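**Student:** Residue strings, one per chain:
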Amino acid sequence: MITLTLDGRTVSVEEGDTLLDAATALGIDVPTICWAKHLTPVNACRMCVVELEGARTLVASCARRAEAGMVVHTNTERVRTSRKVVLELLASSVDLSTAPKLAAWIEAYGADVDRFGPKAEPTSDRDARQTGDHHAPDGATAATVAQPAKVDNGLFVRDYAKCVTCYKCVEACGTDAQNTFAIAIAGRGFDARVSVEFNAPLPDSACVYCGNCIAVCPTGALMALSEYDLRKAGDWHEDRQTTTETICPYCGVGCTLALVVQDNRIVRVDSPEDSSVTRGNLCIKGRFGTTFVHEHGAKAPADAPSR
Amino acid sequence: MDLRPIRTAPTPDEVEAVASALGALPAEGPSSTSEAASQRHLLLPALHALQRRVGWISEGGLGEICRRLSIPPAEAYGVATFYALFATTPRPPTVVHVCDDLTCRTRGAERLCDELTARHGPAGQARDGAVWLRSPCLGLCEQAPAALLQVAGSSPVERAWGDATVASVGEALTQRRAPATRRSPIGPTDGLSLLARVGKVDPTDLDAYLAVGGYAALRRAIDLGPDAVIRELTASRLMGRGGAAFPTGRKWAAVASQPAQPHWLVCNADESEPGTFKDRVLLEEDPFAIVEAMTIAGLTTGCERGILYLRGEYPLAHERTGSAIEQARAHGFLGDDVLGGGRFELEIRRGAGAYICGEETALFNSIEGRRGEPRSKPPFPVEVGLFGKPTLVNNVETLANVPRIVLEGGAAFAAIGTAGSTGTRLFCLSGCVERPGVYEVPFGTTLRALLDRAGGVAGGRPLQTILLGGAAGTFVGPAELDVPLTFEDTRKIGATLGSGVVLVFDDTIELLPMLQRIASFFRDESCGQCVPCRVGTVRQEELLARLARGSPNGSWTSERAMYRELSQCLRDASICGLGQTASSAIESAIARFPNVVPEGA
Ligand SMILES: Cc1cc2nc3c(=O)[nH]c(=O)nc-3n(C[C@H](O)[C@H](O)[C@H](O)COP(=O)(O)O)c2cc1C
Ligand code: SF4
Ligand code: SF4
Ligand code: SF4
Ligand code: FES
Ligand code: FES
Numbered sequence: 001m002i003t004l005t006l007d008g009r010t011v012s013v014e015e016g017d018t019l020l021d022a023a024t025a026l027g028i029d030v031p032t033i034c035w036a037k038h039l040t041p042v043n044a045c046r047m048c049v050v051e052l053e054g055a056r057t058l059v060a061s062c063a064r065r066a067e068a069g070m071v072v073h074t075n076t077e078r079v080r081t082s083r084k085v086v087l088e089l090l091a092s093s094v095d096l097s098t099a100p101k102l103a104a105w106i107e108a109y110g111a112d113v114d115r116f117g118p119k120a121e122p123t124s125d126r127d128a129r130q131t132g133d134h135h136a137p138d139g140a141t142a143a144t145v146a147q148p149a150k151v152d153n154g155l156f157v158r159d160y161a162k163c164v165t166c167y168k169c170v171e172a173c174g175t176d177a178q179n180t181f182a183i184a185i186a187g188r189g190f191d192a193r194v195s196v197e198f199n200a201p202l203p204d205s206a207c208v209y210c211g212n213c214i215a216v217c218p219t220g221a222l223m224a225l226s227e228y229d230l231r232k233a234g235d236w237h238e239d240r241q242t243t244t245e246t247i248c249p250y251c252g253v254g255c256t257l258a259l260v261v262q263d264n265r266i267v268r269v270d271s272p273e274d275s276s277v278t279r280g281n282l283c284i285k286g287r288f289g290t291t292f293v294h295e296h297g298a299k300a301p302a303d304a305p306s307r
Numbered sequence: 001m002d003l004r005p006i007r008t009a010p011t012p013d014e015v016e017a018v019a020s021a022l023g024a025l026p027a028e029g030p031s032s033t034s035e036a037a038s039q040r041h042l043l044l045p046a047l048h049a050l051q052r053r054v055g056w057i058s059e060g061g062l063g064e065i066c067r068r069l070s071i072p073p074a075e076a077y078g079v080a081t082f083y084a085l086f087a088t089t090p091r092p093p094t095v096v097h098v099c100d101d102l103t104c105r106t107r108g109a110e111r112l113c114d115e116l117t118a119r120h121g122p123a124g125q126a127r128d129g130a131v132w133l134r135s136p137c138l139g140l141c142e143q144a145p146a147a148l149l150q151v152a153g154s155s156p157v158e159r160a161w162g163d164a165t166v167a168s169v170g171e172a173l174t175q176r177r178a179p180a181t182r183r184s185p186i187g188p189t190d191g192l193s194l195l196a197r198v199g200k201v202d203p204t205d206l207d208a209y210l211a212v213g214g215y216a217a218l219r220r221a222i223d224l225g226p227d228a229v230i231r232e233l234t235a236s237r238l239m240g241r242g243g244a245a246f247p248t249g250r251k252w253a254a255v256a257s258q259p260a261q262p263h264w265l266v267c268n269a270d271e272s273e274p275g276t277f278k279d280r281v282l283l284e285e286d287p288f289a290i291v292e293a294m295t296i297a298g299l300t301t302g303c304e305r306g307i308l309y310l311r312g313e314y315p316l317a318h319e320r321t322g323s324a325i326e327q328a329r330a331h332g333f334l335g336d337d338v339l340g341g342g343r344f345e346l347e348i349r350r351g352a353g354a355y356i357c358g359e360e361t362a363l364f365n366s367i368e369g370r371r372g373e374p375r376s377k378p379p380f381p382v383e384v385g386l387f388g389k390p391t392l393v394n395n396v397e398t399l400a401n402v403p404r405i406v407l408e409g410g411a412a413f414a415a416i417g418t419a420g421s422t423g424t425r426l427f428c429l430s431g432c433v434e435r436p437g438v439y440e441v442p443f444g445t446t447l448r449a450l451l452d453r454a455g456g457v458a459g460g461r462p463l464q465t466i467l468l469g470g471a472a473g474t475f476v477g478p479a480e481l482d483v484p485l486t487f488e489d490t491r492k493i494g495a496t497l498g499s500g501v502v503l504v505f506d507d508t509i510e511l512l513p514m515l516q517r518i519a520s521f522f523r524d525e526s527c528g529q530c531v532p533c534r535v536g537t538v539r540q541e542e543l544l545a546r547l548a549r550g551s552p553n554g555s556w557t558s559e560r561a562m563y564r565e566l567s568q569c570l571r572d573a574s575i576c577g578l579g580q581t582a583s584s585a586i587e588s589a590i591a592r593f594p595n596v597v598p599e600g601a
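Chain order of the listed sequences is A and B.
The numbering of the first sequence is my numbering, which starts it at 1 and goes up by one.
The numbering of the second sequence is my numbering, which starts it at 1 and goes up by one.
Don't read these hints as lab results, they were simulated from the structure.
Every value quoted in this text rests on a predicted model; they were computed, and no experiment measured them.
Please note: incorrect hints may appear among the correct ones.
[To be verified] Computed cross-link-like contacts, DSS-like style, restricted to lysine-lysine with a CA-CA straight-line distance of at most 25 Å: (1) A:Lys84 with A:Lys101; (2) A:Lys84 with B:Lys377; (3) A:Lys101 with A:Lys232; (4) A:Lys119 with A:Lys232; (5) B:Lys377 with A:Lys37; (6) B:Lys377 with B:Lys389.
Whole structure, please, built from the sequences with the hints as guidance.
**Tutor:** Okay, structure coming up:
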């Protein structure tokens, strides 16, 4: 065991545990965006930073291993400023309208999301920029990642105007869950984006439509078409939804499904992150095999190439 | 791993280019996942081969690499699009990169670009199989303005030159020819050591190097043995010259003592900090010394293999170091048993236009065939570095000090300079200075004395400011010229020596466009991994655009408050040094030149 001090309290954690684990053990809430229980930490969002005595900069609690004798503060002025600016930077560049957790933090940290000026008009060239080059800004508006949603298959939508580049989908598609490697981060800097090779449409990629990327996306950038269509039509009503757990009927693995039902229709399928069978992951049948019955009839599987 | 291949077929040229980079690997690709993992590091050389042969990386070409190396196409695309020197859309075979960075701007780069636009069309617009592009600092600042010609094909051309004009760039675009690279002017050396051979000893001939005492240090190091070498190094109190000023002896000792095997050695020759060209001069003019120093480092710290990670824009350094390595190998100074001291092999890997790949952990990812995104530290490279193994990373100039320490002893070295900053330091003087070039001075020399040695401000004009340490450094004013150039004294005035940049601006230079160029640089060079830097560098550039327009968001008071918080977040919450220093020069300008940001509302 390793003993350290966090916000003035002593806590003991296992060797290899992170500062975030230590905070959780004490019931201290540290906000995270790019961290997820079953994914390798990428420590990219910097929302979880904390102050470690003796360190020159703040440290990402999700990735920093606890060491004996560390003295850590999770909620100092310095910490709050960085978190606030991170939220301001995200909110000024990304559409967070389907990211309720972030909206709550923006409120809690008093983030001024308009301080960089009005948002710039969406652009159509985000997938085609030459690395190391960009148009000089005029400063009148704040650049964003806005671009048209990619609706190129019958099962799910990639609306990268809502993407905070948290790497979670890439990890879920890769070694952390699916081992399919259909998507990766392309480009550099502000032009970094989740992409298939040469921005090909998803049906031309290695994607197997497991939807495990959807499950981990913190902002709704990745969304089942069923949910996307309902939201677009103004028919998405969380107050009328219930969640029921059941076992997937399609094969013998017996994955736990969490069916989100609205007005007697299954509008979204997840699997609980803490399920010992799935750790939140499903395959195309479990994730989409019940919703498309309602939404798209037999159309969806034909659209989604099987291999 | 069951990969879905790219269906577009490669052209015969592309197949051949990839084959040339992959050498004897089986044509059908790796037979297992572990074999694929062990070959992934060939991705970057293979991408270079395509770019050099065809001028861009097509779907067919990338598909061929993915098939041969069993790399998921999306990942390979993510790597190819990470680098500015690679194009993933069609690009003509002839490209001229024209530097429009800080120093070149003081020497008419903007006018040059305007004239090129008038004569050859705007940057990025292809004409008659050729295109010119704007480039960040090409590391030829003492010869500003600088340009780099690249011609793709079966006999590719790569050449950088200085004193670029519309005529020489035009000739490069149309005739695919560039002037011979001029030898860099070197300041007087006063018997100091780092530049002793520069300009005096033929850098292409091992015998010439041997004739002036070359490789005596390696022999001595082998006689002394690793422990004694590390003792001397520690006694010398040599600090890394790559920017972070970490004690070199401690680093070597840490790597040498790691039980995990193998150990890797990396010489960081990615020099891309705007205004920096000292490593280039050493690599071009004294390549055997770097090879010898790397060999000492390898044998001392138990590394059987070393990699020289060389900036992609340095063709002459590539030629010279490549030839030096070959000659050293032929003479038994590299290979299975180097002078009875053990095995050491050395190879060169080239970057491809990414400042961030100079950050040591980004550099590892780059070599490993991944995106050049910095890793989180700890663990530190001495424990978990290249390929997950203990790794010694040193800057070129740091290594260049080693032979002398081995020969003369650590105490003699420590006697030079000051107590906190031992030895001599290379400074890159450029901009509005009478005799730009690399100068070697003992630590503790004042900035004023250094400037005087270079002949002072060009034309005797009044000094406005000096950018010390590079784009990641700080502006200092005329009142600060008496600062002794040491790690400790510059820290006292809130400045840094960084990579040794001393970029001089006279009273005629408009400062704001320079700050905008710095902001633009960081916006382009951010790897994009973390939010503070990815978005913060964009917001910083937008703020400077508003300063240039003279119209704030809200008031200048609220803009000041915004920038204070933004720069605090960049410094505190960015993953790596790039984001942590992205606002440092601009903040220092605002602090020292109150008229940069208008007062009050
Ligand atoms: C953005 C960034 C760029 C860097 N570029 C270089 C470089 O071009 N050359 C270099 O030697 N070190 C560079 N460094 C520093 C390296 O990470 C590392 O500290 C250095 O190579 C260690 O060598 P030293 O101990 O000999 O200085 C860079 C660091 C950062 C954060
Ligand atoms: S649905 Fe599955 S395979 Fe397709 S991109 Fe998402 S994670 Fe990858
Ligand atoms: S699409 Fe979602 S999961 Fe993927 S990087 Fe963007 S925000 Fe993260
Ligand atoms: S600070 Fe910038 S360059 Fe460094 S990891 Fe973050 S985004 Fe990348
Ligand atoms: S949650 Fe730790 S950096 Fe994103
Ligand atoms: S070569 Fe142009 S600024 Fe360095």
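**Student:** Determine for every hint whether it applies to the structure shown.
**Tutor:** Structure-based check of all given hints:
| no. | hint | verdict |
| --- | --- | --- |
| 1 | A:Lys84 with A:Lys101 | holds (14 Å) |
| 2 | A:Lys84 with B:Lys377 | holds (24 Å) |
| 3 | A:Lys101 with A:Lys232 | holds (21 Å) |
| 4 | A:Lys119 with A:Lys232 | holds (22 Å) |
| 5 | B:Lys377 with A:Lys37 | holds (21 Å) |
| 6 | B:Lys377 with B:Lys389 | holds (14 Å) |
Comparing the model with each numbered hint stated earlier shows that all of them hold.
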